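Number of protein chains: 2
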Amino acid sequence: MFNKSTFLDSIWHKNIGHTPIWLMRQAGRYLPEYREVRNKAGSFLKLCKNPDLATEVTMQPLHRFDLDAAILFSDILVVPEAMGMKLDFIENEGPKFDTQISTTKDIDNLNIEEINHKLEYVFQTIKNLKATLPSNIPLIGFSGSPFTLLCYMLEGGASKNYLTVKHWLYTKPELTHKLLTKITIAVVDYLNGQIKSGVNAIMLFDSWGGILTDDLYTKFSLNYMNDIISRLQLEYNGHVIPSIIFTKGGGIWLDKIDTIGADVIGLDWTINIKDARKIIRSTALQGNLDPVLLASGNINAIKNEAKRILDNYRQINNSISGHIFNLGHGILPMTNPDHVKFLIDFVHEYSSN
Amino acid sequence: MFNKSTFLDSIWHKNIGHTPIWLMRQAGRYLPEYREVRNKAGSFLKLCKNPDLATEVTMQPLHRFDLDAAILFSDILVVPEAMGMKLDFIENEGPKFDTQISTTKDIDNLNIEEINHKLEYVFQTIKNLKATLPSNIPLIGFSGSPFTLLCYMLEGGASKNYLTVKHWLYTKPELTHKLLTKITIAVVDYLNGQIKSGVNAIMLFDSWGGILTDDLYTKFSLNYMNDIISRLQLEYNGHVIPSIIFTKGGGIWLDKIDTIGADVIGLDWTINIKDARKIIRSTALQGNLDPVLLASGNINAIKNEAKRILDNYRQINNSISGHIFNLGHGILPMTNPDHVKFLIDFVHEYSSN
Numbered sequence: 001m002f003n004k005s006t007f008l009d010s011i012w013h014k015n016i017g018h019t020p021i022w023l024m025r026q027a028g029r030y031l032p033e034y035r036e037v038r039n040k041a042g043s044f045l046k047l048c049k050n051p052d053l054a055t056e057v058t059m060q061p062l063h064r065f066d067l068d069a070a071i072l073f074s075d076i077l078v079v080p081e082a083m084g085m086k087l088d089f090i091e092n093e094g095p096k097f098d099t100q101i102s103t104t105k106d107i108d109n110l111n112i113e114e115i116n117h118k119l120e121y122v123f124q125t126i127k128n129l130k131a132t133l134p135s136n137i138p139l140i141g142f143s144g145s146p147f148t149l150l151c152y153m154l155e156g157g158a159s160k161n162y163l164t165v166k167h168w169l170y171t172k173p174e175l176t177h178k179l180l181t182k183i184t185i186a187v188v189d190y191l192n193g194q195i196k197s198g199v200n201a202i203m204l205f206d207s208w209g210g211i212l213t214d215d216l217y218t219k220f221s222l223n224y225m226n227d228i229i230s231r232l233q234l235e236y237n238g239h240v241i242p243s244i245i246f247t248k249g250g251g252i253w254l255d256k257i258d259t260i261g262a263d264v265i266g267l268d269w270t271i272n273i274k275d276a277r278k279i280i281r282s283t284a285l286q287g288n289l290d291p292v293l294l295a296s297g298n299i300n301a302i303k304n305e306a307k308r309i310l311d312n313y314r315q316i317n318n319s320i321s322g323h324i325f326n327l328g329h330g331i332l333p334m335t336n337p338d339h340v341k342f343l344i345d346f347v348h349e350y351s352s353n
Numbered sequence: 001m002f003n004k005s006t007f008l009d010s011i012w013h014k015n016i017g018h019t020p021i022w023l024m025r026q027a028g029r030y031l032p033e034y035r036e037v038r039n040k041a042g043s044f045l046k047l048c049k050n051p052d053l054a055t056e057v058t059m060q061p062l063h064r065f066d067l068d069a070a071i072l073f074s075d076i077l078v079v080p081e082a083m084g085m086k087l088d089f090i091e092n093e094g095p096k097f098d099t100q101i102s103t104t105k106d107i108d109n110l111n112i113e114e115i116n117h118k119l120e121y122v123f124q125t126i127k128n129l130k131a132t133l134p135s136n137i138p139l140i141g142f143s144g145s146p147f148t149l150l151c152y153m154l155e156g157g158a159s160k161n162y163l164t165v166k167h168w169l170y171t172k173p174e175l176t177h178k179l180l181t182k183i184t185i186a187v188v189d190y191l192n193g194q195i196k197s198g199v200n201a202i203m204l205f206d207s208w209g210g211i212l213t214d215d216l217y218t219k220f221s222l223n224y225m226n227d228i229i230s231r232l233q234l235e236y237n238g239h240v241i242p243s244i245i246f247t248k249g250g251g252i253w254l255d256k257i258d259t260i261g262a263d264v265i266g267l268d269w270t271i272n273i274k275d276a277r278k279i280i281r282s283t284a285l286q287g288n289l290d291p292v293l294l295a296s297g298n299i300n301a302i303k304n305e306a307k308r309i310l311d312n313y314r315q316i317n318n319s320i321s322g323h324i325f326n327l328g329h330g331i332l333p334m335t336n337p338d339h340v341k342f343l344i345d346f347v348h349e350y351s352s353n
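Residue numbers (the numbering used here), protein chains in the order written: chain A, 1 to 353; chain B, 1 to 353.
Careful: at least some of the hints might be erroneous.
Unchecked claim - Straight-line C-alpha distance at most 30 Å; calculated DSSO-like pairs for lysine-lysine:
no.: 1; chain 1: B; residue 1: LYS178; chain 2: A; residue 2: LYS307
no.: 2; chain 1: B; residue 1: LYS86; chain 2: B; residue 2: LYS46
no.: 3; chain 1: B; residue 1: LYS160; chain 2: B; residue 2: LYS86
no.: 4; chain 1: A; residue 1: LYS178; chain 2: B; residue 2: LYS307
no.: 5; chain 1: B; residue 1: LYS307; chain 2: A; residue 2: LYS160
no.: 6; chain 1: A; residue 1: LYS196; chain 2: A; residue 2: LYS160
no.: 7; chain 1: A; residue 1: LYS172; chain 2: B; residue 2: LYS178
no.: 8; chain 1: B; residue 1: LYS307; chain 2: A; residue 2: LYS172
no.: 9; chain 1: A; residue 1: LYS219; chain 2: B; residue 2: LYS303
no.: 10; chain 1: A; residue 1: LYS105; chain 2: A; residue 2: LYS172
no.: 11; chain 1: A; residue 1: LYS182; chain 2: A; residue 2: LYS96
no.: 12; chain 1: A; residue 1: LYS160; chain 2: B; residue 2: LYS178
no.: 13; chain 1: A; residue 1: LYS303; chain 2: B; residue 2: LYS160
no.: 14; chain 1: A; residue 1: LYS274; chain 2: B; residue 2: LYS274
no.: 15; chain 1: B; residue 1: LYS274; chain 2: A; residue 2: LYS278
Bear in mind the hints are in silico, worked out from the structure with no lab data behind them. Predicted model only: the values in this text are computed from it and were never measured.
Taking the hints into account, I'd like the entire structure generated from these sequences.
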């Protein structure tokens, strides 16, 4: 299937010639050609829903940079949108639903039967991409974690303190589990649909699990990700589809995260990759450069920090394999594309020596 | 000096009859009587600078609740203000300096010679409080950590991504160290002034250390807190003044934090206190209830969570001593004072059995 993918080989701990690298949100606002297509589409959501344009923006960073993987251009909130919640992306404010989930009836009204019919445009984008991508560049599909989707569905958008979410978790645990169970079914169907359409790896983004206590994280975020991993059809055309899970702020729970059997664990920038490798003995690691450094630092600082991460990993792992270089969170819009190019080339060059 | 302080006894691992409790920002906006005095003062900063009113608001939660310690009412930003930066607190927006530190000249212009003269109003408040507080209620003095003060001084206020701060750390490390060194001298003088005025414990609030990589946290935050702890005159009138350090988001670095020799380590709500006690074998721990639970939960949820924390601690520690119950971050303005009373009484009652 693949003509030697360094990304997949690193996940399976095979010998690799350099550390593979891709960047969360690598197709995005920091690229002028992305902003052009985004404007042409009319809105962010229209861009997600247009397979031709979504294919085009997915490919944009691959035309510029020597990336080792592509990630489907989409948004985690297309899932609640497909379940019937009206979604809008407001410039400089982020996503807003026109209403929040607040009652049992609201939960019952969410439609998960037709999720893959509604999300057909994503599967079409994946098929386009598979026809477009070179054979050594795998395509990563993704979904938000059930807990992270729940956050947006209960708050109606981003939030500072997640008062409503925590009110639910602490005082309506059963209703919260009911909603999470429904979201989980939708996410499993959606990711299985992505796999059938041809993605070569899947990733769960748990952007907000890190706001929880240890106890609530296990019950309301990790257990549902575990459930998803165990219910995915992680084989397609005779190939195993690796799973990646990433909880931002999850550094204190790495031992627990490693129990759910994902093939790759994402790290934000706060934990030293050496300490992570002491806790996670063998599962592949993905990360962990601070995206704010890439946005605000100079070439020299970027080089030193990438070097530090690669050195730390190699010191404890005795091999470069089992690490996928990435940012510790999505790339920021003010990032200079020249710095992105520098980082990617430097990671390849330095790790190959 | 003290008629049996449970707070101090717990720090020194003596036998105690119940787990002591105080709450970060316990004198604050969630109390209607605070808002009244704040309005009378005219502004937040004027309230900080008026020893009579600052004494009054410090005492307010002690009149209502059975707290085991008082904390000086003030703000961490009075230090940069005393160094010459004009400060304003904008309603619902937070603190703003009229300008940011951006050059070597700006650093040179900061005046640290007269810091304790400028902050005399704080020392007066402490003296008032020592004359007012009952003999079994210690008074906690505090300062922001040098790194946290640096964040506000470079950004000019709160920030989302700390682009400017990280630009400095990554690309101007020497200038950053120059500024941090100057801030550290001021903080040492200020805290020694607080000790001479009568505080019974001191706390360093490192609200933003958690935004850093492991490497930068050590170099730019922890090392300066270490320096402060080693330079404080932690004895007064024959009594040892315990030091408390708290890095929000510092759960992954507890082993390192424990090396600097503070007497108490603060925990936010994300780490299980049982896991913290496995890493920090003997130093007293402070925390770790989620302030959002106190603001958004009901009595039953608050009880269950307080119970969980106390049980977890007792399971691993075989004694209730060495733990000071607190929130994992400051109390939120929308918190119901009745819930605060419930929490305090429940912690006392449950831990005494």
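TODO: Against the structure, test the hints numbered earlier, and report the numbers of the ones violated in rising order.
DONE: 6, 7 and 12
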